[in-house]
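Work out the full structure, taking the sequences as your base and the hints as a guide.
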Amino acid sequence: MAYPTKYRYTREHEWIQIDGQIGTIGITDYAQNSLGDIVFVEAPKVGATLEAGKTFGSVESVKAVSDLYSPVSGTVTEVNDALNAEPEKINTAAHDSWIVKVQLSKPSEVDALLSAADYEKFISEETAH
Amino acid sequence: MATDTVLASETGKTDETAPFRGITRKVSEHVNQNEGLIFEKSSPGKKAYRLAPLDVPEVDAQKLLGNVARQDLGALPEVSEIEIIRHFTRLSTWNYAIDLGMYPLGSCTMKYNPRVNEFVARLEGLADAHPYQPEALSQGAMHIIRDLQNCLKEITGMDSITLQPAAGAHGEFTGILLVRAYHASKGNPRKKILIPDSAHGTNPATAAICGYQVANLKSNAEGMVDVAELEHLVDEDTAALMLTNPSTIGVFESEIHKIADVLHAKGALLYMDGANMNALVGKTRPGDFGVDVMHLNLHKTFSTPHGGGGPGSGPVVCKKILEPFLPIPVVIEKTDGTLSFEYNRPQSVGRVREFYGNFGMFVRALAYILANGPDGLRQTTEDAVLNANYIRKNLEDVYELPYTTATLHEVVFSDKRQARNGVKTGDIAKRLIDYGFHPYTTSFPLIVPGALMIEPTESESKEELDLFIDAMRQIAREAEENPALITSAPHSTRISRLDEVGAARRPVLRWKPETTSDAAPASPEKESLVPASVAEEY
Amino acid sequence: MRYLPKSPADRAAMLEAIGIDSIDDLFATIPGEYRLEHDLAIPRQMSEQEIIEYFRDAANQNANGYASFLGAGVYRHYRPVVIDAMVQRGEFLTSYTPYQAEITQGTLQAIFEFQTMICELTGMEIANASMYDGSTGAAEAVMMAVRVTGRDHVLVAKTVHPEYREVMATYAQHQGLNKQVIGYGDDGRIDLKELEAAITEDTACVLIQSPNFFGTIEDVAVLAELAHAKGALLIVSIAEALSLGIVKPPVEADIVSMEAQSFGVAPGYGGPYCGVIACKEKFLRQMPGRLAGVTKDTEGRRGFVLTLSTREQHIRREKATSNICTNQALVALMTCIYMTIYGKQGLKELAEQNLAKAHYAARTLAATPGSKLLFASAPRFNEFVLQTAETAEQMNQRLNKQKIIGGLSLARWYPELGNATLWCATEMNTRVQIDGAAQVLSQKETPVLTHA
Numbered sequence: 012m013a014y015p016t017k018y019r020y021t022r023e024h025e026w027i028q029i030d031g032q033i034g035t036i037g038i039t040d041y042a043q044n045s046l047g048d049i050v051f052v053e054a055p056k057v058g059a060t061l062e063a064g065k066t067f068g069s070v071e072s073v074k075a076v077s078d079l080y081s082p083v084s085g086t087v088t089e090v091n092d093a094l095n096a097e098p099e100k101i102n103t104a105a106h107d108s109w110i111v112k113v114q115l116s117k118p119s120e121v122d123a124l125l126s127a128a129d130y131e132k133f134i135s136e137e138t139a140h
Numbered sequence: 017m018a019t020d021t022v023l024a025s026e027t028g029k030t031d032e033t034a035p036f037r038g039i040t041r042k043v044s045e046h047v048n049q050n051e052g053l054i055f056e057k058s059s060p061g062k063k064a065y066r067l068a069p070l071d072v073p074e075v076d077a078q079k080l081l082g083n084v085a086r087q088d089l090g091a092l093p094e095v096s097e098i099e100i101i102r103h104f105t106r107l108s109t110w111n112y113a114i115d116l117g118m119y120p121l122g123s124c125t126m127k128y129n130p131r132v133n134e135f136v137a138r139l140e141g142l143a144d145a146h147p148y149q150p151e152a153l154s155q156g157a158m159h160i161i162r163d164l165q166n167c168l169k170e171i172t173g174m175d176s177i178t179l180q181p182a183a184g185a186h187g188e189f190t191g192i193l194l195v196r197a198y199h200a201s202k203g204n205p206r207k208k209i210l211i212p213d214s215a216h217g218t219n220p221a222t223a224a225i226c227g228y229q230v231a232n233l234k235s236n237a238e239g240m241v242d243v244a245e246l247e248h249l250v251d252e253d254t255a256a257l258m259l260t261n262p263s264t265i266g267v268f269e270s271e272i273h274k275i276a277d278v279l280h281a282k283g284a285l286l287y288m289d290g291a292n293m294n295a296l297v298g299k300t301r302p303g304d305f306g307v308d309v310m311h312l313n314l315h316k317t318f319s320t321p322h323g324g325g326g327p328g329s330g331p332v333v334c335k336k337i338l339e340p341f342l343p344i345p346v347v348i349e350k351t352d353g354t355l356s357f358e359y360n361r362p363q364s365v366g367r368v369r370e371f372y373g374n375f376g377m378f379v380r381a382l383a384y385i386l387a388n389g390p391d392g393l394r395q396t397t398e399d400a401v402l403n404a405n406y407i408r409k410n411l412e413d414v415y416e417l418p419y420t421t422a423t424l425h426e427v428v429f430s431d432k433r434q435a436r437n438g439v440k441t442g443d444i445a446k447r448l449i450d451y452g453f454h455p456y457t458t459s460f461p462l463i464v465p466g467a468l469m470i471e472p473t474e475s476e477s478k479e480e481l482d483l484f485i486d487a488m489r490q491i492a493r494e495a496e497e498n499p500a501l502i503t504s505a506p507h508s509t510r511i512s513r514l515d516e517v518g519a520a521r522r523p524v525l526r527w528k529p530e531t532t533s534d535a536a537p538a539s540p541e542k543e544s545l546v547p548a549s550v551a552e553e554y
Numbered sequence: 013m014r015y016l017p018k019s020p021a022d023r024a025a026m027l028e029a030i031g032i033d034s035i036d037d038l039f040a041t042i043p044g045e046y047r048l049e050h051d052l053a054i055p056r057q058m059s060e061q062e063i064i065e066y067f068r069d070a071a072n073q074n075a076n077g078y079a080s081f082l083g084a085g086v087y088r089h090y091r092p093v094v095i096d097a098m099v100q101r102g103e104f105l106t107s108y109t110p111y112q113a114e115i116t117q118g119t120l121q122a123i124f125e126f127q128t129m130i131c132e133l134t135g136m137e138i139a140n141a142s143m144y145d146g147s148t149g150a151a152e153a154v155m156m157a158v159r160v161t162g163r164d165h166v167l168v169a170k171t172v173h174p175e176y177r178e179v180m181a182t183y184a185q186h187q188g189l190n191k192q193v194i195g196y197g198d199d200g201r202i203d204l205k206e207l208e209a210a211i212t213e214d215t216a217c218v219l220i221q222s223p224n225f226f227g228t229i230e231d232v233a234v235l236a237e238l239a240h241a242k243g244a245l246l247i248v249s250i251a252e253a254l255s256l257g258i259v260k261p262p263v264e265a266d267i268v269s270m271e272a273q274s275f276g277v278a279p280g281y282g283g284p285y286c287g288v289i290a291c292k293e294k295f296l297r298q299m300p301g302r303l304a305g306v307t308k309d310t311e312g313r314r315g316f317v318l319t320l321s322t323r324e325q326h327i328r329r330e331k332a333t334s335n336i337c338t339n340q341a342l343v344a345l346m347t348c349i350y351m352t353i354y355g356k357q358g359l360k361e362l363a364e365q366n367l368a369k370a371h372y373a374a375r376t377l378a379a380t381p382g383s384k385l386l387f388a389s390a391p392r393f394n395e396f397v398l399q400t401a402e403t404a405e406q407m408n409q410r411l412n413k414q415k416i417i418g419g420l421s422l423a424r425w426y427p428e429l430g431n432a433t434l435w436c437a438t439e440m441n442t443r444v445q446i447d448g449a450a451q452v453l454s455q456k457e458t459p460v461l462t463h464a
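So the protein lines, in turn, are chains A, B and C. Convert by adding 11 to the 1-based position in the first sequence; the result is the number in the numbering used here. Convert by adding 16 to the 1-based position in the second sequence; the result is the number in the numbering used here. Convert by adding 12 to the 1-based position in the third sequence; the result is the number in the numbering used here.
What the hints contain is simulated information worked out from the structure, not anything from laboratory work. What you are looking at is a predicted structure, and each value in this text was computed from that prediction instead of being measured. Treat the hints loosely; a few may be bogus.
Said to hold, decoys possible - Straight-line Cα separation of at most 25 Å, BS3-like style, residue types lysine-lysine; simulated pairs:
1. A/K74 x B/K432
2. C/K360 x B/K57
3. C/K205 x C/K242
4. A/K17 x A/K100
5. C/K413 x B/K350
6. B/K208 x A/K65
7. C/K384 x C/K170
8. A/K56 x C/K292
9. C/K356 x B/K57
10. C/K294 x A/K74
11. C/K308 x B/K440
12. B/K528 x C/K360
13. A/K74 x C/K356
14. B/K478 x B/K42
15. B/K63 x C/K360
16. C/K292 x B/K528
17. C/K294 x C/K242
18. B/K79 x B/K207
19. B/K274 x B/K207
20. B/K79 x C/K384
21. C/K260 x B/K79
22. B/K528 x C/K356
23. B/K440 x A/K74
24. B/K528 x B/K63
25. C/K308 x A/K100
26. A/K65 x B/K207
27. B/K79 x C/K360
28. A/K112 x A/K100
29. B/K234 x A/K74
30. A/K112 x C/K294
31. A/K100 x C/K294
Claimed, not checked - One side only, chain A facing chain C, incomplete, derived with CB under 10 Å:
32. V50
33. S69
34. S135
Just so you know, even glycine gets a beta-carbon here, dropped at the ideal spot from N, CA and C.
Here you go:
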């Protein structure tokens, strides 16, 4: 799986796409693959405040719950409600299935995130363990 | 073993290359009845009841109740008595049960549920007793409570007890409330509870509900409490350690007293999860080795039936220092020798359940204790431990034993060897069904990846254990030679593996009448319950 | 020991197979100073006959052959024999929680039917597989409302069963909840003015009971409107499930917490019973307890599984919606069979009988000298509050002598009501019993009563 170079990544396996002041957040293909069949996405409400590195929701498979960690700080502007009816979209296209959009409050935080190449290196190390 | 010969004759082949398929000695397939939902049998006018004639004047419900009168009971069924008997009897035949065979669920202690327990629980005078009937007319029930309390205190070596909690997790909740009240009475409830990574999921959930932070305690290489790590973690903010002993890998914490000392030195308490008490009864007592408070599971150690998931009962026993905080009411003996409930206990944590607890379970547990006596209880524990070690000895060459420490009442293997062929613990568990056994506990404890947690209990004969061992060994061979057979198991059940993902993604949690959608309460669209492909079954 | 299936030879053979000489070798990990070297001081091993004798003796020390008018959260209804015949089948009785769906379809389908019947009865969209009982169920419902709304103020009617309120207080004490009790009006129902004034934007929920502890039926629609106007949830606790045979279901509520003991579960001196939480589907993710759902197997056949288990403790651990682990499966099965036996028509007819019996009892007892029916203006089901000239203790002493257990004294929880007792009359109470109780209340000398 090629990880889009236009995204940045966290070590907790979220991706973020930056478009001006708006960040679009989802989970990586690696994450969906290790979780297995996703049955539910618990996302915050529009207007919620996110803090970089803190949990903002969770993704559930039948027998596991994984917390979502925000790559950046900001305010939620939009939530992908389509995932309520079809959470499996994350399994089929993780990098096209965004979970929330946020208005960035500290855009400089993005610089600390991993590039696609760094992330691929990170997961190859994690898999090797 | 003549496995190969039998296999050859069964398949009619002598082909050496045919993939190995084990012989299921314990069971053979037999037909069972199909049965739809009870609602699908319902039609207006069918009845399974007849009321006695009313001996008081009839009333006009509409007039008495006005706008709160109900007009219709919706889709509740209308069926006859024979249909009800067949319905529930047919459903029952789809269940596995202890009464059918070994139930090696680790940590669940699925032992024989004696029938005399059921008989005495239904005696008139006990079953019909109303919890609010006068104490003078309840002395028999209160004697049962007191006698069971005395037995459980003696068995655990503790000073005080409450029978009120309705289940094990409820007992944990009560026990941690006692801990909190104790610390609070000393001026500081403290902040955190230490929980080993091998613990049951209820432990952290309980600590959180009682307002505590959970601090994770890593196990050492033997899967036991790392005393050095414990010493490092325990401080004046530590309220208690919640410890399962023997641990979830079946190992007795031999440094238990040191653990208690480390905690007590900082004013913290030792809470013991009594889930594994079946390994200890009559052989050692938690009260003697430093435990301050623990819960028991009457539905595990003391043979009250699981009933498909309850009811349980989770008494909490504790040391004298915690007695003032016990839930109200407590049973006391008055000067005239009669028993009474005492409600005026200002330091009590309050009430955790209405009335006095699951009394029906007390009756059953006491009947079990009386049937055993001290010698029977000790022999029970010894047999439980003997059975687990017999299984361990006979399987350790084919299944990986991640912790080689001596085990008591249960043994935990891992699927490491089988996983090389793509066969996981969950698959082996499902294949075990084909061999006529209920699966063991899978994927727990979390410290063992791919865990197979096996607790045979004392209720299994050597013959049943040998059949189990034989099944497990054949499955191990199948894992080498015929892994696909295991990963697609079970093959012998009414239904094959169920789509749990679909069930969770689009939950359908109730039946709805198909034609009267306008009468049903408004709710999002649901798929029809009967897939077209199986409609002919009903 | 008769429950242990081993001969001495079996044990010896097993020890040999393990490679040890003595069973005590297996307990070597227990430090010597903690090994019990003597017998536990508990009664000696008894025969089955002796065990039955022990419990018969105990049963004989309890009330036997008394006519009882007790209700107050535990109701005496006739239990059809079919129930015990079915739940004593070993396949139900001795089965574990149905995690292995392929071999527990019986329990799972029964739970699914139970959930469906509870929805039909309560007017809610979903129901769980059961809770411990009505008291813990009500407490769990309140915590659920707190999670749903993100608010922490809880309003509780004083007419909710006092023991339910006590349990709730125990649960809430470390959750940082702010709890306020709302009094009742002259009709024995929640004081609407007081409630309206108390509901704010911080109110998570209003917990009421209907029929309430006094037996009067609350106006759920009005209460729902008041709660919803401020974004709070309305939780309706139902202790007498049979009331739903004839009382309009609380469809306007958000969460219903019900005790289903009335449906074929013996009073059994306080338990086990069967709580259940039902609610609107939108609160599904915050619902505690187990849930059975329908699905298909690999061949497309209908089957049932426990589902949405990610809400539960064994997965979420400290983040779980509740620490609840067991439910009351076997008791839920009893109630499911009961609801099936009486069904759509029977529950209604039975509820009508209860209404008639209680109406007759209330009228008859209130007509005795010095007695008065309290809260007479509100609709009731099968319970009522009687105020008497003498204290509850005096009255009950006289009744007990005639083998009658009268109403429950309310003095412990509602001293403001004076000599008030809570009475319940069900299909189990004959006219002779009711008339007999009235006779005792009317007369000083003791009448002779025969139970017809």
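Going through the hints against the structure:
The straight-line distance between the Cα atoms of A/K74 and B/K432 is roughly 21 Å, inside the 25 Å bound, and the hint therefore holds. With a C-alpha separation of about 20 Å, the suggested pair C/K360 and B/K57 falls inside the 25 Å cut-off, and the hint holds. This hinted pair checks out: C/K205 and C/K242 have alpha carbons roughly 15 Å apart, not beyond 25 Å. About 21 Å separates the Cα atoms of A/K17 and A/K100, which keeps this hinted pair within 25 Å; it holds.
At roughly 23 Å between alpha-carbon atoms, C/K413 and B/K350 fall within 25 Å of each other, so this suggested pair holds. Between the alpha carbons of B/K208 and A/K65 the distance comes to roughly 21 Å, so the proposed pair stays at or under 25 Å and holds. With a C-alpha separation of about 22 Å, the suggested pair C/K384 and C/K170 falls inside the 25 Å cut-off, and the hint holds. Taken as a hint, the A/K56 and C/K292 pair is honoured in the structure, with Cα atoms around 20 Å apart against an allowance of 25 Å.
Pair hint C/K356 plus B/K57 holds up; C-alpha atoms about 13 Å apart against a cutoff of 25 Å. The hinted pair formed by C/K294 and A/K74 meets the criterion: a straight-line CA distance of about 22 Å does not exceed 25 Å. Only pairs whose Cα atoms come within 25 Å are accepted, and C/K308 paired with B/K440 is accepted, the gap being roughly 23 Å. Straight-line distance between C-alpha atoms of B/K528 and C/K360 comes to about 21 Å, which keeps the hinted pair within the 25 Å bound.
In summary, the hint linking A/K74 to C/K356 is not supported, as the alpha carbons are separated by about 38 Å, beyond the 25 Å threshold. Taking the CA atoms of B/K478 and B/K42, the gap is near 14 Å; set against the 25 Å cutoff, the hint holds. The hinted pair formed by B/K63 and C/K360 meets the criterion: a straight-line CA distance of about 13 Å does not exceed 25 Å. Under the criterion of a C-alpha separation no larger than 25 Å, the hint pairing C/K292 with B/K528 is consistent with the structure, at around 15 Å.
Restraint check for C/K294 and C/K242: the C-alpha separation of about 18 Å stays at or below 25 Å, so the hint holds. The straight-line distance between the Cα atoms of B/K79 and B/K207 is roughly 58 Å, outside the 25 Å bound, and the hint therefore fails. Proposed proximity of B/K274 and B/K207 is supported: the alpha carbons are some 23 Å apart, at most 25 Å. Straight-line distance between C-alpha atoms of B/K79 and C/K384 comes to about 22 Å, which keeps the hinted pair within the 25 Å bound.
The hinted pair formed by C/K260 and B/K79 meets the criterion: a straight-line CA distance of about 14 Å does not exceed 25 Å. About 15 Å separates the Cα atoms of B/K528 and C/K356, which keeps this hinted pair within 25 Å; it holds. Restraint check for B/K440 and A/K74: the C-alpha separation of about 15 Å stays at or below 25 Å, so the hint holds. Taking the CA atoms of B/K528 and B/K63, the gap is near 21 Å; set against the 25 Å cutoff, the hint holds.
For the hint linking C/K308 to A/K100, the alpha-carbon distance of about 21 Å falls within 25 Å, and the restraint holds. Restraint check for A/K65 and B/K207: satisfied, since their Cα atoms lie roughly 22 Å apart, inside the 25 Å limit. In summary, the hint linking B/K79 to C/K360 is supported, as the alpha carbons are separated by about 16 Å, within the 25 Å threshold. Among the hinted pairs, A/K112 with A/K100 is consistent with the structure: their alpha-carbon atoms are about 17 Å apart, no more than 25 Å.
Proximity of B/K234 to A/K74 is assessed by CA-CA distance (about 23 Å); at most 25 Å being required, the pair is judged to hold. For the hint linking A/K112 to C/K294, the alpha-carbon distance of about 24 Å falls within 25 Å, and the restraint holds. A C-alpha spacing of about 22 Å is found between A/K100 and C/K294, which places the hinted pair at or below 25 Å, so the restraint holds. Residue-level restraint check for A/V50 holds (minimum Cβ-Cβ distance to chain C is 8 Å; threshold 10 Å).
Of the supplied interface hints, the one on A/S69 holds, with its beta-carbon coming within about 9 Å of a beta-carbon of chain C, less than 10 Å. Among the interface hints, the one on A/S135 is violated; its C-beta lies about 29 Å from the nearest C-beta in chain C, farther than the 10 Å criterion.
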